[in-house]
Every structure is written in structure tokens, then in C-alpha cells.
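Residue numbers (our numbering), protein chains in the order written: chain D, 1 to 162; chain Z, 1001 to 1416; chain P, 2001 to 2173.
If you are wondering where the hints come from, they were derived from the structure by calculation, not from laboratory data.
Treat the hints loosely; a few may be bogus.
To be verified - In silico lysine-lysine, DSS-like type, Cα no more than 25 Å apart, as pairs: (1) Z:K1390 to D:K107; (2) P:K2087 to Z:K1198; (3) P:K2050 to Z:K1162; (4) D:K35 to D:K66; (5) D:K35 to Z:K1367; (6) Z:K1367 to D:K146; (7) P:K2087 to Z:K1011; (8) D:K162 to P:K2087; (9) Z:K1198 to Z:K1295; (10) D:K35 to D:K46; (11) D:K68 to D:K46.
Claimed, not checked - What follows is a set of in silico ranges between Cβ atoms, one per label pair, in the way DEER data are often shown: (12) P:A2131 to Z:P1191: 24 to 34 Å; (13) D:E140 to Z:E1308: 45 to 55 Å; (14) D:L150 to Z:A1346: 45 to 55 Å; (15) Z:I1169 to D:F20: 47 to 57 Å; (16) Z:V1338 to D:D147: 45 to 55 Å; (17) Z:E1329 to D:E94: 39 to 49 Å; (18) P:D2052 to Z:F1335: 30 to 40 Å; (19) Z:N1339 to P:D2052: 23 to 33 Å; (20) D:E94 to Z:I1013: 50 to 60 Å.
A virtual CB, placed ideally from N, CA and C, is assigned to each residue, including glycine.
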Amino acid sequence: MDIKELVLQKLKENFPDINFETIDYLDELTVKFPKESVVKVCDFLKSDTALEFLFCEDVTAIDWAKRKDRFTVVYHIYSFKNNFRLRLKADVDESDCSIDSVTSVWKGANWQERETYDMYGIKFNNHSDLRRMYMPEDFEYHPLRKDFPLMGIPGSIPLPKK
Amino acid sequence: MDTELKDIHPKIIQALLDKETDITVEDALENEMILNMGPQHPATHGVLRLVLRLDGETVIACVPELGYLHRGYEKLAENMSYYEFIPHTDRLDYISPMANNVGWVLAVEKLAGIEAPPRAQYIRMMIAELARITSHLVAIGAFAMDVGALTVFLWTLREREKVLDIWDILCGARFTNSYARIGGVANDAQPEALAKVKWFIDQFEENLAECEKLLNTNRIFIERVDGVGAISKEEAIDLGFTGPNIRASGLAYDLRRAQPYLKYSEIDFDIPVYTEGDCLARYFVRLDEMRESTKIVRQVLDKMPQGEVLLNQPKKVLPHKTEVYSKMEELIHDFMIVNFGINPPAGEIYHAIEGSKGELGFYLVSKGEGHPWKCKIRSPSFNNIQVLPKILVGHMISDVVAIIGSIDPIMGEADK
Amino acid sequence: MGLESLLKQDGYFTTKVDALVAWARKSSVWPMPMGISCCAIEMMAVGDPKYDIARFGSEVMRFTPRQCDLMIVAGTVTYKMAPVVKKIYDQMPDPKWVIAMGACTASGGIYRTYSVVQGIDQFLPVDCYLAGCPPRPDNLLNALIMIQDKIGRTKASDFKNAKSPELELTSSN
Chain D
1 MDIKELVLQK
11 LKENFPDINF
21 ETIDYLDELT
31 VKFPKESVVK
41 VCDFLKSDTA
51 LEFLFCEDVT
61 AIDWAKRKDR
71 FTVVYHIYSF
81 KNNFRLRLKA
91 DVDESDCSID
101 SVTSVWKGAN
111 WQERETYDMY
121 GIKFNNHSDL
131 RRMYMPEDFE
141 YHPLRKDFPL
151 MGIPGSIPLP
161 KK
Chain Z
1001 MDTELKDIHP
1011 KIIQALLDKE
1021 TDITVEDALE
1031 NEMILNMGPQ
1041 HPATHGVLRL
1051 VLRLDGETVI
1061 ACVPELGYLH
1071 RGYEKLAENM
1081 SYYEFIPHTD
1091 RLDYISPMAN
1101 NVGWVLAVEK
1111 LAGIEAPPRA
1121 QYIRMMIAEL
1131 ARITSHLVAI
1141 GAFAMDVGAL
1151 TVFLWTLRER
1161 EKVLDIWDIL
1171 CGARFTNSYA
1181 RIGGVANDAQ
1191 PEALAKVKWF
1201 IDQFEENLAE
1211 CEKLLNTNRI
1221 FIERVDGVGA
1231 ISKEEAIDLG
1241 FTGPNIRASG
1251 LAYDLRRAQP
1261 YLKYSEIDFD
1271 IPVYTEGDCL
1281 ARYFVRLDEM
1291 RESTKIVRQV
1301 LDKMPQGEVL
1311 LNQPKKVLPH
1321 KTEVYSKMEE
1331 LIHDFMIVNF
1341 GINPPAGEIY
1351 HAIEGSKGEL
1361 GFYLVSKGEG
1371 HPWKCKIRSP
1381 SFNNIQVLPK
1391 ILVGHMISDV
1401 VAIIGSIDPI
1411 MGEADK
Chain P
2001 MGLESLLKQD
2011 GYFTTKVDAL
2021 VAWARKSSVW
2031 PMPMGISCCA
2041 IEMMAVGDPK
2051 YDIARFGSEV
2061 MRFTPRQCDL
2071 MIVAGTVTYK
2081 MAPVVKKIYD
2091 QMPDPKWVIA
2101 MGACTASGGI
2111 YRTYSVVQGI
2121 DQFLPVDCYL
2131 AGCPPRPDNL
2141 LNALIMIQDK
2151 IGRTKASDFK
2161 NAKSPELELT
2171 SSN
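With the rest of the complex left out, here is chain D (with noise of 0.2 Å):
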């Protein structure tokens, strides 16, 4: 069968509980979910033999900007067996700006889930090491929020005298 099909065919039998919503845009299939069960889906989806997501491509959020579910945390995958690549995706919200860290599921994450806490705000839960990434440590706002100035404040990082 396609293997769109057996994707979402898997999912459900699997996780019977969750209510996914699917999206299949210009050939290219999104899968939403709530965020509290991002680990264990991410998980069944690189151990099934069938499917073998091995690979994380990409792991950023989009700021909405408004008020309930601001943040959405949004992961490409891409299974070399049956070469495809799904997008999952979990919203957050800014009241409990966090969600679970899948750095045990694919190492490669890592890095990418600490530039997504530096410029969102988003706290990974269980990540081994969250630190900014760009911008400086003490540099205390998120440049990529939609309310954040392009041209940045003035002040917020010092520059040496001459």
C-alpha cells in the first residue's frame, strides 16, 4: 500500500488514544498530536521495522502570535527505507512554554532543539544540555518571537569601547 497510508495506518493502531490530525499539502504529509505524547510516537516511529524513521532532519517552531497555543514545535523525519519524509507536529503554549526533548530518541537533535530554546523560549524537557546557542548567555529576550524588533534593543548586547 502507499506508504502514506501504512504511516497513518500504524499510528493509529498503535496509538489508539491520541487523535491525530493529518494534513497532506503539495504531497507532503504533516501529522499533529498533542505534546505530552511526542516521545513515545517519535519512538515508534524509528523502532518500527516497517517505517525506520532513523533520520531527523529538522526540529524549529512557528510563533503564531496569539493569545492560546502560540508556539508550535514542528519535526521533519526521513526514512531511508522507504524514502519518505513526514513533518510532525505538537502545539505549545506560552503558559507552559516546554515540551519533551526526543534527544533519546535521535542524538541529532540536539543541537537543534537548543537553537529552537534560543530563539523561541521553548524549554525542552530532559535535554542534557540546554544552553543558547547563537545569541550570547546573558542576552536575555528571543530574538525570533513576532515581538521581538528586527533592528533588536538597543543595548542588549555591550560593544567595547574604542
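Given the coordinates of chain D, work out where chains Z and P should sit on it, guided by the hints.
The following block gives chains Z and P in isolation, referenced to the frame of chain D:
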């Protein structure tokens, strides 16, 4: 020692000391030192900072620190239209700027639902492969220079200058060209440029063989590089390694074959794969890839069809300047596109191409406006550097330089 | 040919000390490449056989600041990188000059964002600005010649009392 530690943030030192390490050093000196291979260093290929924990000369742990070239690309992309971002993509992997342009333009075309005409696709393939050749030339030259063979660098740069001359004729700029456009390429390839490409390809293989002769049987080079920095296939996949680096570890994953874009499915080429996974294997993969690229360019030159190079769809593609000045419709569309953007339908896509360092991907989220709501650049060098803390453990400091050279990171891309 | 043909017999060569010292300084300017991003690639191209910089006297590009007199800042300087650039500039001995290569160093370039310093003259004294993104290697050679002219006009007495700058060092006991 005191000044060094004052510059390193305590969180980094904590991460360094916390690193679990299972290496045992014979004749351990019981004398650990924290060394800062700072952002300004001749051999770190840009502004990469490595904080190393050493026992004598053996590396026990390593923490790379990025961010010294973070220019805010993703926030810039949210504030400018898809067309205006094309010159910015040049500066991502600044050794092969043409390939980044092609990647961005393909992603936007997928989102907008248009496709460039065939001649433009063949021209894009040609310039992407030439970009790959220049990038590998610099990679091999810098790698050899770091290891100590200085002449190779000058010879590979001489070859690279010939390609830069070709680009000068083709689009007017040697470097950071912004040649690709949404819907095609900026201008047609002149017969002079195509003749020069043919001349370059014909004389390239001999010159490459000359550079190879300096290195392949050079005992110092081989002993410095053979067996150093080995990484197995499973670890490499888990850590997100892509590009020539993972093809040197045994996995034949090339996006031009796995998910063909442009017209790669019609071109016949091989993918070189080696299994050792050490620095020497990565060097050989790059050499072989350059030869495969010359094969591809030869076939592209033979197969290139005649035709137009810019799609004729005024709502999404900027019309040609001569038409803008003479016809009314085109003038209106030019005004709308420049001021309001191309307004692709709301949705999101992820499109990746095989850049010269690995998988270069663009994740675009559109809300129907002229500028993207979110743009994420999945840069290969960022994920390639992530492997360093794993590879460097147990090697000497002089090997650190060789390993970084063989992984070939470009900080403009890693720091975005 | 050369100077010897002008000397008829045991001749003397008279000049001002200033001219001699300035001529020696400007004919062997050793650059310190602060190569940060894309402009660094054009700076590497200046060293290659086509646009040879060695024929202008800059035979070696030493990567240690203690042995150089010209710092070519090539690439975008971010707020995180600025203290590093300043530290290296402080380590260069007097007399020293700075070329700001490219648009990013002159005024922030195409990056008007939160992390890019809009012009390095906010924390470094610059002697020559180069336009271009990136400037062609010929342009960099032009800047080098301008710096050489500038050095040729200096007097030896300009640098007599140059103090070594205070580095922020903790005293080693």
C-alpha cells in the same frame, strides 16, 4: 590560564566538565587543561570556537560554540518578500553561492505552484554543479593547507578563478551572484559563456590529476589523515550528518537520486561511496564527486534545449524589463509583485537540495502574504559540526585541525 | 640597471630619515586577515596566483597579530564577535592600520538586524573603507595601494611616543 577562563562562560565550562567520557589515556598525565581554539584561528574555517579539555595533547572533551556570525537570516526573511531574499541566500554557503540561490528559488516555486521552463532548469543544473566543483576545490585546498601541503591550495584556487570568470560572463558578478530567479534565471546563458564552460570542463580533469599527484602518494599526507576521525554509519545517521561526509561512511544518500529535483532524473551519474568514514575517505569522496560533476555538466551541455529562460506568468514571475517598459499589463504586474510580493497560497513546504556540504533545506510557512510567515534554513554545516564532540575524543590536537578540515564547515551557513 | 647605474663612483645617498622609514614601512605591509565571512574568500583570492598580493610587499598573511601592521576586517562583525576583533586589534603593535573591507564592516551592509554591528568604526579606528559586497580582489589591491600612499606620507616622529595599549589582563602571580 586565568584570562582564558574568564572569557569562557561558566555554562560552557560546566558542559565541558560534565561530558561523560569513556576514554582512557595510556600514561595519563593527571594534568588536565582547558584550551580555547578561539573564534579567530587560521585553521577553524571561519569563526568557530572550540573549547577543548585536554590531557596533555589528547582531547578528552570538546564543546563547540557557534553564534559569532549569527546575522539574523530567519528574522530578515519574515520581513522581506521572496524576491528580496534571493541575494541573502547567496551569503549562506558563501563558497558556492549559486547552489543556495537555486535551493531557495526551488522552494518558493514549490510553494507558489509554478515550474521553470526546461532551458532554465538545465542552466540551473549546470551552475549548481559548477558551484559544487568550486566548493570542493576550496575544501580540498584548505584541507591540504591545514595539514601542511601549501601548494595544493594555490593550484585549486587557480582552477576556481576560471569558474569565477565563467560566472562573470554569465551574470556579471564573480561571486555572490543572485542569478536564479523565481520562475527561471535572470538572463539567458550567452554562447560565449557556454563555450567557456566546455573549455573549462575539457581541461579540468588533467589539472585535477596534477593536484592529486601531489597528495595521493604523499606519505606525510596519508599518515596524517588515514584512520583519523573515523565515524561509523549508524552514529553518523543518528547525529544528522549529510553530504559527502556521510557518503564517506558508507551510506549512499544523495538527494539528487533520492528525491530528484530539476532534471537530475534524466542525467546519468554515479554516487561515490566509501566505507571507512575517516578523513581520507572524505577527501576521496570529494575528489570523485568533482569528476562526477564534470560528467553531469558535459551531459547538460549536450542536452540543453533552446527556449526562454523565464516563465511567462505575470502574477508570480517578474516580467522582463523590456516588456515592463513597453506594455501596460506587465507594468502593473511588476508594480504589484515588487511592492506586495508574489502571495503564494497559505500552506507550508519543506524542500531540500543536495548542496555541496550536504542537505540544504528550506522550510517555508506562508499565510498568503507577500513575505513568508516563517522561514527555517536547514543548513548542512550546522548539523555537520554537531558531530565534532563525538569524533574528536581521543585524538591529538594536531588531528583536530585535520578533522575540521575534512568535515568542511562553513560558518556563514552554520550560524545563519 | 637599478640604483647602481646612477652611482658613478663611491657615491652617497642622501634622503630624509622620514622618507626612508616610510618607504620601508609601506613596501612591506604584512596584513593580518581577520577573515570572518564572505569577504574572506575574496581576500583568499587576492593571495592566489591571479591577483597576487605578494608583489605589493604583503608576502605573508600572518595569522598572529603580533607580527602584522595592517588588519583587514573582512566579513560581517556581530555583537558577539566585536570584543574578539577589538582584542586582536589591541594586540597588534604600533604603528597599525585598519582596512574595513566590504559593506558589512562599513555600515552593517545588507544586514539591518539585531545582531550585526552597523559599522565597525563604532569601536575601531578605520583608515580605509572598501565598497562592494564582496569587493573584487582588484578593489582590495586598490585599498592596499591607498594605505601604502597613506603610510608613505607619515613621519617617523608620529609614532615616537606610542604607548602600548592597556590590555585587560589579570596579573599572573
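The hints, checked one at a time:
no. : hint                           : result
1   : Z:K1390 to D:K107              : 11 Å, holds
2   : P:K2087 to Z:K1198             : 48 Å, violated
3   : P:K2050 to Z:K1162             : 10 Å, holds
4   : D:K35 to D:K66                 : 18 Å, holds
5   : D:K35 to Z:K1367               : 24 Å, holds
6   : Z:K1367 to D:K146              : 15 Å, holds
7   : P:K2087 to Z:K1011             : 22 Å, holds
8   : D:K162 to P:K2087              : 11 Å, holds
9   : Z:K1198 to Z:K1295             : 11 Å, holds
10  : D:K35 to D:K46                 : 18 Å, holds
11  : D:K68 to D:K46                 : 31 Å, violated
12  : P:A2131 to Z:P1191: 24 to 34 Å : 33 Å, holds
13  : D:E140 to Z:E1308: 45 to 55 Å  : 52 Å, holds
14  : D:L150 to Z:A1346: 45 to 55 Å  : 23 Å, violated
15  : Z:I1169 to D:F20: 47 to 57 Å   : 54 Å, holds
16  : Z:V1338 to D:D147: 45 to 55 Å  : 28 Å, violated
17  : Z:E1329 to D:E94: 39 to 49 Å   : 46 Å, holds
18  : P:D2052 to Z:F1335: 30 to 40 Å : 48 Å, violated
19  : Z:N1339 to P:D2052: 23 to 33 Å : 47 Å, violated
20  : D:E94 to Z:I1013: 50 to 60 Å   : 32 Å, violated
Consistency note: the structure conflicts with the earlier hints numbered 2, 11, 14, 16, 18, 19, 20.
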